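Take a look at the letters that make up each chain.
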Amino acid sequence: MLILPLLVFGIFFVLPSTIGYGYAFTDWSSYIQDISFVGIENFIEIFKNRTVPIAFVNTLIFAIAKTVIVTVLGFVFAVILNRKLKTRNALRTVYFIPAIFSALVVGLIFNALFEGRNGTINSLLNTIGLSGLAKQWLGYRWSAVFVISLAELWRNLGYAIVITLAGLQSVPAEYLEAAKVDGASGWQLFKNITLPLIMPSVNVNILFSLIYGLKMFDLVYVMTGGGPGHDTETFGTLIMNEMSAGRYSQSVAINLIFTIILVAAAIVYQKYSERWEYIE
Amino acid sequence: MRRKTKRIDFICEIILWFFSIIVIYPLLMVIITSFKTKGEAGYLNISLPNVWNIVENYTKVWEQGRIGNGFWNSVYITGLSVILILLLASAFSFILVRRNTKICRLISKFMTFGIIAPFAALPTIQLLKIIGIYGTRTSMVFVYIALYLPFSTMLFSSFIKGLPRELDEAAVIDGTKGFGMFMRVVFPLLKPVTATTGILTFMWVWNDFQYPIYLLNSSSKWTLPLSVYNFYGQYQRSWNLVCADMIIVSIPVIILYVFAQKYIIAGMTAGAVKG
Amino acid sequence: MKKRTVLSLIISLILVIATVTGCSGSGDNSESTKETPSDSSNDSNSSSSNAEITLTLYGNAEDIEKPYMQTIFDLYEEETGSTLDIVGIDQDNFENVALTKFQTGDIPDLFMHFGGYGLDAFNPQENFVDFSDAEWVSDIEDMVLSQTKRDGIIYGLPYWEASISGCVYNKKIFDESGIDVPTTQDEFYEVCQTLLDNDVQPVYMAVKDQWPILYQYALDPVFADTELLNQLNSNQTTYAEIPELTDMCEFYKKMAENGYLGEMYATDTWDYASEVIGTGEAAMMFVWDTWLYTDYDSESYEYTADDFGMMPAFMGTTENGTFEGPNCSLMLANKNGDNVEAAIEFINFMADPGNYNIGFEGIKTAPVFKGQNTIETTPQYEEIEQLFEEIGNNSIAYQEIIGFTQVEGAKSIQELLIGNITVEECLKLMDEDRIKTASSQQVEGF
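Chains as they are written, first to last, in my numbering: chain E, 1 to 280; chain R, 1001 to 1275; chain C, 2001 to 2446.
Note that these hints are calculated values from the structure, not bench results.
A couple of the hints might just be wrong.
Claimed, not checked - List time: in silico PhoX-like cross-link candidates among lysine-lysine, alpha-carbon distance up to 20 Å: (1) R:K1004 / E:K84; (2) C:K2066 / E:K48; (3) E:K191 / E:K180; (4) R:K1102 / E:K86; (5) R:K1006 / E:K180; (6) E:K271 / R:K1102; (7) C:K2428 / E:K48; (8) R:K1060 / E:K271; (9) R:K1262 / E:K86; (10) C:K2428 / C:K2253; (11) E:K84 / R:K1006; (12) E:K86 / R:K1006; (13) E:K191 / R:K1060; (14) E:K180 / R:K1004; (15) C:K2066 / R:K1060.
What the hints assert, rightly or not - Chain C is nowhere near these chain E residues, computed Cβ spacing over 12 Å in every case: (16) L73; (17) N89; (18) E115; (19) G183.
Stated by the list, open to error - Computed footprint of chain C on chain R, listed as stretches where at least three residues anywhere in the stretch have a Cβ under 8 Å from a Cβ of chain C: (20) 1208–1222; (21) 1248–1258.
As the structure is a prediction and not an experimental result, all values here were calculated from the model.
Even glycine gets a Cβ: it sits at the ideal position worked out from N, Cα and C.
Chain E extracted, bound-state conformation (with noise of 0.2 Å):
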């Protein structure tokens, strides 16, 4: 049982993405039908690249930004939706729903929202006399970046609360209702018990939100481009640049070094997280 799911997981992911990363050592473009090794010229020509270091920033940012207020949003929302409320459902799944779509089409909300002319926002902003706020929101570096977190953020509130609701869920209710009857106060039963058993729950939300965090490229890459000029790249709008431009060795080269980035990230953090959780 243990064999088999690594055995799939093995063949049909680990080996092409390792072999993938075997191209970052070649000259691999799409007007090459030989391919030879090249060593490490790639990445001597990633350093004098000069989008780097903006994409570099722009990822911290969206990453950082997403990863802090969708946890921590989502955590006290989905403690609310844990409550007995009465439209808890309809609730849950209202929240959900920005979930389900696609990049394109949160892309497309969020530009129109957010448009220069006739936006709804700036419309907004001038029928209630802050005219001097609205400008063009996607035409200039910062924000845009700040509205590119923002549809980020709506899209995936949905799944840090889903996620956390679950972990909520687990709570086993005998525990609670041991510690009521022990005299318990809401606030302490929480801070004693439901608090340490969802940390996990917690930890993964935010592994999840700071991987996909500094991943993120779909949605910059549908509402700006990556641009005006280069100004919101990312890492991951970067890496499809380069594929589109037929560098493909390059582009795998730069995924290469996003890649171990994100590896230590994720070990450096989970060795952190470790010590939030309780396990008994």
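The hints should help you fit chains R and C onto chain E, whose structure is shown.
Chains R and C in isolation, oriented as in the chain E frame:
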């Protein structure tokens, strides 16, 4: 005490419904756009359409997008993938967490690689060709299982860690061991996680379009999300049709989510630990 | 213990069965790809085609949706009883997916792609049928023929529309403001100023989408000089060293700074063009003539398609402006495929005047084939046909500059327009990107 809780609940509900505007407004944008004609659809707001095109849009999407065909392909691929992922991941993570040997912890860390590494199209295709299943829908099932196994395993693991060991030990004392114990005692406790993982993986596999365009070799095998490409017009997209298509593609997921809600709701078997 | 092994066995069994059915399943997909009634037992009176052949066709989803493509596909299926498995992939993924498929040997029977240097990535010599001796070669208009060739060999049929690109302008607004159509670059700037003084946005440029910056129009006249083009393509000169390129950047900068692109150009999108042009908010736009009839929403606005005229694009690189000739997508056939004969037959079918005249009936386009008699040339084209002969250029930049990308170069200009960088920096960035691509393709000199 009870009254206070009820009041807090009530206030919470109001607040939540207030904030849900942020979700509902954009949703309305999409739904209403799908009712409009192509010209009006360019604006993407919630003003009601001047010309109600509901029937035309949806029938057009159904025919041109070959929804019927795509639907069955999607059901086959997604259904099979999700069922197998759930079975494999749950058992796999249970063993990993409970055994807790060094190798098991290493394997868990190894799984992290799985959520990081990107899709390597070329090697995957070559691999599938060597095995001989390239271009089939079934090859996609394998690829999806491999792809989402890490995530599912991590999710299951995190919850199993929260399950008290007394349950296992109690069950062992009761005489059930190994797999039987897993299926009868532990698995039911995992209902919330299973439902959650099921919904999430279902959604991701259902909505995915990247793998099918690389790994399938004929449009008759295409899955539902690819149907939206039929509405990419000459230089402009028909947003009204695109929205209608998106809605059609999303409906199964929403239905499944509502259905799965039942299982996510507290399903703790009362009395699993006696005394 | 036993139960666990049983479960493992069951799952393994499922996977094996799935694999086996998968193997046999890959060859039996003969479902019709269209809803049209094309039974396999139709009277197939065309040459020797077998009724059961299915040809796979890969193309860009947007290209495939063109009405004249759909018409000819349907026509072919009806008349021959063969089926076409049309695989349309979206713009963003198309190049990558197509290249991946070619590199793994999964080459379709038919392939739609633009000509020029971009086609070389698909190794035409190895993969595509040589149509140099085809009957229909003499039927193709000269201005299009060069696009079908690579290294002197004709590889594909340019079954496509021919549009002329330049600057579209609102005739009525010009009349009302007493403006004459400019004939020089300076006159163009004056026109912009007059319009601005009359509260009309001179030009609408969808800068946010990047590709509508369309700087290739500006480059065409510069590289009509083949020697210069060859020097560029062998790295003996760069954009920065060519004075006209600096002029082009100055042009863009001037347009933005003087307000000739309006206030909101940074977030203007292509989708919004109809609205802005149609309400008369802006008077001019760099676009191709057929856009007015295929995309512009004539019915919804005050100004209909016929209210617009075409004038040269004055983008700083030539005194009298330029037009860009057509860019035609080619239909190519897999030389090594199992169905190569049927594929060739399909292409010949498309090239038959009887058929293409049905396909292009009523389509707005300039002529691609000499035998075309059902097309409608646009009024805009008719007006400038003479002028086009004098100052028009083939689409050279897009097709022939090695390392040219419409979007990447546009990104640099986008930054210039917003004011982030200077003209020198812009040219440097454009050069860098171009050179990087060329060297990754191991072109001589880079």
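List in ascending order the numbers of the hints, as given earlier, that are violated by the structure.
Hints 2, 4, 8, 13, 18, 21 contradicted; others consistent.
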